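With these hints in hand, go ahead and build the complete structure from the sequences.
4 protein chains.
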Amino acid sequence: MTHTILIDCSDAKGLVHKVTGVLYHNDLNVVSNHEFVQPETGRFFMRTEIDGNMDAERIHNGLSGILPADANVRISENRKKRIVILVTKEHHAVGELLIRHQFGELNAEILAVIGNHDVLRGFVGQFGLPFFHISHEKKTRDEHETEVLAKINEFSPDYIILAKYMRVLTPKFVEDYNNKIVNIHHSFLPAFIGANPYRQAYERGVKIIGATAHFVNDNLDEGPIIMQQVIPTNHTQSPQEMAQMGRDVEKITLANALKLVFNDRVFVSGNKTIIFD
Amino acid sequence: MTHTILIDCSDAKGLVHKVTGVLYHNDLNVVSNHEFVQPETGRFFMRTEIDGNMDAERIHNGLSGILPADANVRISENRKKRIVILVTKEHHAVGELLIRHQFGELNAEILAVIGNHDVLRGFVGQFGLPFFHISHEKKTRDEHETEVLAKINEFSPDYIILAKYMRVLTPKFVEDYNNKIVNIHHSFLPAFIGANPYRQAYERGVKIIGATAHFVNDNLDEGPIIMQQVIPTNHTQSPQEMAQMGRDVEKITLANALKLVFNDRVFVSGNKTIIFD
Amino acid sequence: MTHTILIDCSDAKGLVHKVTGVLYHNDLNVVSNHEFVQPETGRFFMRTEIDGNMDAERIHNGLSGILPADANVRISENRKKRIVILVTKEHHAVGELLIRHQFGELNAEILAVIGNHDVLRGFVGQFGLPFFHISHEKKTRDEHETEVLAKINEFSPDYIILAKYMRVLTPKFVEDYNNKIVNIHHSFLPAFIGANPYRQAYERGVKIIGATAHFVNDNLDEGPIIMQQVIPTNHTQSPQEMAQMGRDVEKITLANALKLVFNDRVFVSGNKTIIFD
Amino acid sequence: MTHTILIDCSDAKGLVHKVTGVLYHNDLNVVSNHEFVQPETGRFFMRTEIDGNMDAERIHNGLSGILPADANVRISENRKKRIVILVTKEHHAVGELLIRHQFGELNAEILAVIGNHDVLRGFVGQFGLPFFHISHEKKTRDEHETEVLAKINEFSPDYIILAKYMRVLTPKFVEDYNNKIVNIHHSFLPAFIGANPYRQAYERGVKIIGATAHFVNDNLDEGPIIMQQVIPTNHTQSPQEMAQMGRDVEKITLANALKLVFNDRVFVSGNKTIIFD
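Here the protein sequences line up with chains R, G, Y and H, keeping their order. Using this note's numbering, read the first sequence as starting at 9 and increasing by one per residue. Using this note's numbering, read the second sequence as starting at 9 and increasing by one per residue. Using this note's numbering, read the third sequence as starting at 9 and increasing by one per residue. Using this note's numbering, read the fourth sequence as starting at 9 and increasing by one per residue.
Read the hints as simulated data drawn from the structure, not as lab findings. Please read these numbers as outputs of a predicted model, since none were measured by experiment. Just so you know, not all the hints are guaranteed correct.
Each pair may be met inside one copy or between any two copies, as identical chains are not told apart.
[Stated by the list, open to error] Below 30 Å or equal to it, Euclidean Cα-Cα: the simulated DSBU-like pairs (lysine-lysine) are:
(1) 97 x 267
(2) 147 x 280
(3) 21 x 159
(4) 180 x 26
(5) 21 x 88
(6) 88 x 147
(7) 146 x 280
(8) 146 x 26
Structure, rendered in C-alpha cells:
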C-alpha cells in the first residue's frame with residue numbers, strides 16, 4: 009500500500025524540513041518528494057509518496073501541528089479513482105477511456121457513463137458498463153442538470169469527466185464539484201474558444217491544431233489547463249479531416265491528463281495548475 | 009540554371025495537361041510539379057521547377073494562350089532573393105538570419121538592416137552588413153514610416169523581413185509591399201494577439217508556447233500564416249524564461265518560413281497560404 | 009465514385025503531359041495530382057485522383073500506350089480495403105483499429121483477427137468481429153505459418169496488419185503478400201532493433217521514445233518505413249511506464265500509417281516509401 | 009547571490025529531513041528543491057537552490073556530518089561557467105553559442121575556441137573571441153591531443169564543448185575531464201552511430217531525424233544523454249537537405265542541453281543522466 013500526501017499553504021522557512029520530520033519520526037519511507045513555491049502567490053506546494061503502512065490520521069495531526077494555519081493537507085491511499093463520464097454523441101474520447109479501463113490502464117473505476125443523447129448506449133454496453141440517457145429535450149437547463157447531478161451523486165464519484173459533453177454547466181454544478189471536473193477542449197486554448205473550432209482553424213489557415221485538457225470552472229473554456237498537445241496540419245486538409253486528426257489528439261490528451269490527475273499529481277492554484285510529473 | 013513557374017487561376021478541366029504541354033513542346037525538363045485546387049475558392053495553384061535553359065518570355069506567352077483570363081503567371085530564375093530586414097532591439101531573429109546569410113544558407117542577399125533603435129548597429133556590423141538607424145522619436149507614424157520606406161526603396165528588395173520590428177505598419181506600407189512582408193509573431197496565433205504574449209501565456213497557465221511566421225496585411229497579427237512551431241512549457245517557468253524559450257522557437261520558425269518563401273514555395277490566397285514543400 | 013491511379017515507371021520527358029492527356033481526352037475530372045522522381049533510381053511516381061465515372065480498362069489501355077515498358081499502373085476504386093489483423097496478447101494496437109472500424113474511420117473492413125494466443129478473443133468479440141486462435145505451440149514455425157496463411161487466404165485480404173504480432177514471418181509468407189503486410193514496431197527504428205526495446209531505451213537513458221510503422225520484408229525490423237512518431241521521456245520513468253507511453257504512440261502511429269496506405273498514398277521503392285499526403 | 013547544492017549518495021531514510029535541517033538551522037532560504045532515488049542503483053540525488061548569503065564551508069561540513077560516507081557534495085555559486093569550445097569546420101553549433109554568449113544568454117563565459125582546422129577563425133573573431141588553430145596534420149593522435157589539452161588547460165575551464173569537433177578523443181583526455189565534456193551528435197542516438205548519419209538516414213528512408221547532446225565518455229557516441237530533439241523529414245529531401253535541417257536541430261539541442269548543464273541541473277549516474285528541470 010502506498011499513500012500520497014498533498015500539501016499547499018503559504019510559504020515559510022523550513023517547511024520541507026518540518027514536513028519530512030513528521031514523516032521521519034513516524035518511520036515512513038519517502039519514495040518521492042516534490043516541492044514548488046509559486047512566485048506570484050507565495051504559496052508552497054508539496055507532494056510526497058509514502059511506501060508501506062501509515063496511520064493517516066496520526067500523520068494528518070502531526071502535519072497540522074507544524075504547518076501554517078492556511079494549509080490544505082490531503083492524504084490519499086493510492087487506490088483507483090471513482091469516476092463518472094458525461095458524453096453527447098462523439099465516441100472517441102470515451103472510447104479511449106473505456107479501452108484503458110478494461111485493461112486496467114486508467115487508474116480509475118468507471119462507475120457510469122451518462123449521455124444527453126442515446127447514441128453511445130450500445131458502444132458503452134460493449135464494455136459491460138452502465139449507460140444512462142438523460143435527455144435535455146423539453147427541459148430547462150436547470151431541470152436537465154438537476155437530473156444529471158442526481159444521477160451522478162448516486163455514485164459519489166471522485167471526478168467527473170466531460171468526454172466531449174457538449175453542454176455548458178451551470179455555476180452550481182461546477183461549485184458542487186470544484187476542481188473535480190475535467191474537460192477536453194477541441195482546440196489549443198486560448199485559440200478558438202467556442203463552437204466549431206476546426207472550422208475556425210481551417211478558415212484562419214493555421215498550420216498546427218491542438219487540444220486542451222482542463223479543469224472546469226464557471227466559464228467552460230477558461231479553467232486551469234492540465235495538458236495541451238498539438239499536431240501539424242496544412243492547406244490540403246478540409247475541416248472534416250482536421251476534425252478527424254483533432255479527435256486523435258483530443259483523446260490522447262484527455263487520457264494523459266487524467267493519468268496525472270488520478271495519480272494525484274495536479275494541484276490547482278487560481279486559474280493555473282501545478283503539476284509534479 | 010533552374011526556373012520556377014508559379015501559376016494561379018480559376019480551375020478548369022485539363023489545366024495540368026495544357027501547362028505541361030507548353031513545357032513539353034518547348035523541350036523543357038520538369039524537375040518537380042505540384043498542383044492544388046482550393047475547395048472554397050475553386051482556384052487552381054501550380055508550381056513547376058524547370059532544369060536547363062529556358063526562354064521565359066516565350067513560355068510566358070505560351071502559357072497565356074492556354075490559361076484562363078484571370079491567371080497569374082510568375083516565372084522566376086532560382087536566384088537569391090534580395091531582402092531588407094527591419095528590427096527594433098531584439099537580436100535573436102535577425103541574428104539567426106545574419107549567420108545563415110554569412111554561410112550561404114539563407115537563399116537571400118541581405119541588403120540592409122534598418123532599426124528604429126540604434127542598439128543592434130554593432131551586432132549587424134560584426135557581419136559586415138549596413139545598418140541604418142531611423143528613429144521614430146519626435147515623429148508621427150507617417151513621418152517615420154515615410155523615411156523607412158524611402159530607405160527601403162533605395163534597395164528595391166524582393167521581400168521585407170520584420171525580425172522583431174515592434175512597430176505597426178500603416179495600410180499604405182503594407183499595400184506597397186503586398187505579400188512581400190514577412191513577420192515573426194511571438195505566439196501561437198490566434199492565441200495571445202497583442203502585447204506581452206509571454207506574460208499572457210504565463211498568466212493563462214498554458215502548457216505549450218509557440219511562434220507564428222506570417223505575411224503582413226492590414227492588421228499586424230492577422231495575415232496569412234506560413235509556419236507555426238511550438239515548445240512545451242510548465243508551471244515552473246517564469247515569464248522571462250518563457251520569453252527566452254520563445255526566442256528560440258521564434259528564430260527557427262522565421263528562418264524556416266523564409267526558406268519556403270525564398271524558394272517560391274508559398275502562394276497566398278485570401279488570408280491563407282498554400283505551401284508546396 | 010472516385011478512383012485513384014497509381015503509376016510508377018522509369019522517368020522520361022513529358023510523362024505528366026502524356027498521362028494527363030489520356031485523362032483529359034477521356035473527359036475525366038482530376039481532383040488531385042502528385043508526381044515525384046526519385047533521384048537515386050530515376051524512377052517516376054504519380055498518383056492521380058479522379059472524380060466521376062470512369063472506364064478503368066479503357067484508361068489502363070490508354071496509359072499503357074504512352075508509358076515506358078517498365079511501368080506499373082494500378083487503378084483502384086476508392087473503396088474500403090479488406091484486411092486481416094494478426095495479434096498476440098497486447099490489446100492497444102488492435103483496439104485502436106477496432107474502435108475506428110466500428111465508427112467508420114478506418115477506411116477498411118476488418119475481415120478477421122487471428123491470434124497465436126487466445127487472450128484477445130473476448131475483446132475482439134465485443135466489437136462483433138470474428139477471432140481465430142491458431143496456437144503455435146507444439147508446431148514448427150512452418151507448420152504454424154501454413155495454418156495462419158490458410159486462414160488468411162480464406163478472406164483474400166488486401167492487407168495484413170501485424171498489430172503487435174510477436175512472431176517472425178518466413179520469407180515465403182512475406183513473398184506471398186509482398187508490400188501488403190504492415191507492422192508496428194515498438195521503437196524509433198533503426199534504434200533498438202530486437203526484443204525489449206523499452207528496457208533497452210531505459211538502460212540507454214534516452215530522452216525520447218518512438219514507434220515505427222513499416223511494411224514487412226524479409227527482415228522483421230527492416231522494411232520500408234511508412235511513419236514514425238516520438239514522445240519525450242525522462243529519468244523518472246520506469247521501463248514499465250515507458251512501455252505504457254510507448255503503447256499510446258504505437259497505436260496512433262499504426263492507425264495514421266494505415267490511413268495513408270488504405271488511401272493509396274504510399275508507394276514502395278526498394279527499402280523506402282514515397283508518400284503523397 | 010544564490011548557491012546550488014548538489015548531493016548524491018546511497019539512499020537512506022530521512023535524508024531530505026536531515027539535509028533540509030542543516031539548511032534550516034543555518035537560516036538559509038530554500039528557493040527550490042528536487043530529490044530522486046534511482047531504482048536500479050538505490051542512489052539518492054538532491055539539488056537545492058539557496059537564496060542569500062551562505063558560508064559554503066560551514067554547510068559542507070554540516071552536510072558531511074549527516075550524510076552517508078559515499079556522498080558527493082558540490083556547492084556552487086551560481087556564476088557563469090567557464091568554457092572552451094572545440095570545433096572543426098562547421099559553424100552552426102559554435103555560432104549559436106557565440107550569439108547567446110554575446111547577449112548574455114548562455115550562462116557561461118567562452119574563454120577560447122580551438123579548431124583543428126583554421127576555417128572558423130574569422131567567424132569567431134567577429135565575436136571578439138580568441139581562436140586557436142591546432143592542426144592535426146602530420147601529428148599522431150596523441151601528439152595532437154597533447155597540444156590541444158595543453159591549450160585547454162591554460163584556461164582551466166569548467167566544461168569543454170565539442171561543437172561539431174570531428175575528432176575522437178583518447179581515454180586519457182576523457183578521464184581528465186570526466187563528465188565535463190559535452191558533445192552534440194548528429195543523430196537520434198542510438199540510431200546511426202558513426203559517420204555520415206544523414207546519408208544513413210536518407211538511405212534507410214526514416215521519417216524523423218534528430219540530434220543528441222551527451223557527455224563524452226570513452227566511446228564517442230555512447231556517453232550519458234542530456235537532451236534529444238527531432239524533426240520530421242520525408243522522401244523528397246536529399247541527404248544535403250536533411251543535413252541542413254539537422255544543423256538546426258543540432259544547434260538548438262546543444263544550446264538547450266548546455267543551459268541545463270550550466271545551471272547545475274544535470275547529474276550523471278553511470279551511463280545515464282538525472283535532470284532536475
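Hint-by-hint comparison with the structure:
1. For the homomeric pair residue 97 and residue 267, the shortest alpha-carbon distances inside one copy (24 Å) and between copies (23 Å) are both at most 30 Å.
2. Proximity of residue 147 to residue 280 under the C-alpha cut-off of 30 Å is found in neither arrangement, the shortest distances being 34 Å within a copy and 43 Å between copies.
3. Proximity of residue 21 to residue 159 under the C-alpha cut-off of 30 Å is found in neither arrangement, the shortest distances being 46 Å within a copy and 47 Å between copies.
4. For the identical chains of this complex, residue 180 and residue 26 are neighbours neither inside a copy (38 Å) nor across copies (47 Å), given an alpha-carbon limit of 30 Å.
5. Taking CA atoms no more than 30 Å apart as the test, residue 21 paired with residue 88 passes between copies only; the shortest distance there is 28 Å, against 35 Å inside one copy.
6. Taking the shortest alpha-carbon separations for residue 88 and residue 147, neither the intra-copy value of 35 Å nor the inter-copy value of 42 Å comes in at or below 30 Å.
7. With identical chains, the CA atoms of residue 146 and residue 280 are never at most 30 Å apart, being 37 Å at best within one copy and 42 Å at best between copies.
8. With identical chains, the CA atoms of residue 146 and residue 26 are never at most 30 Å apart, being 58 Å at best within one copy and 60 Å at best between copies.
This entry does not satisfy hints 2, 3, 4, 6, 7 and 8, going by the numbered hints stated previously.
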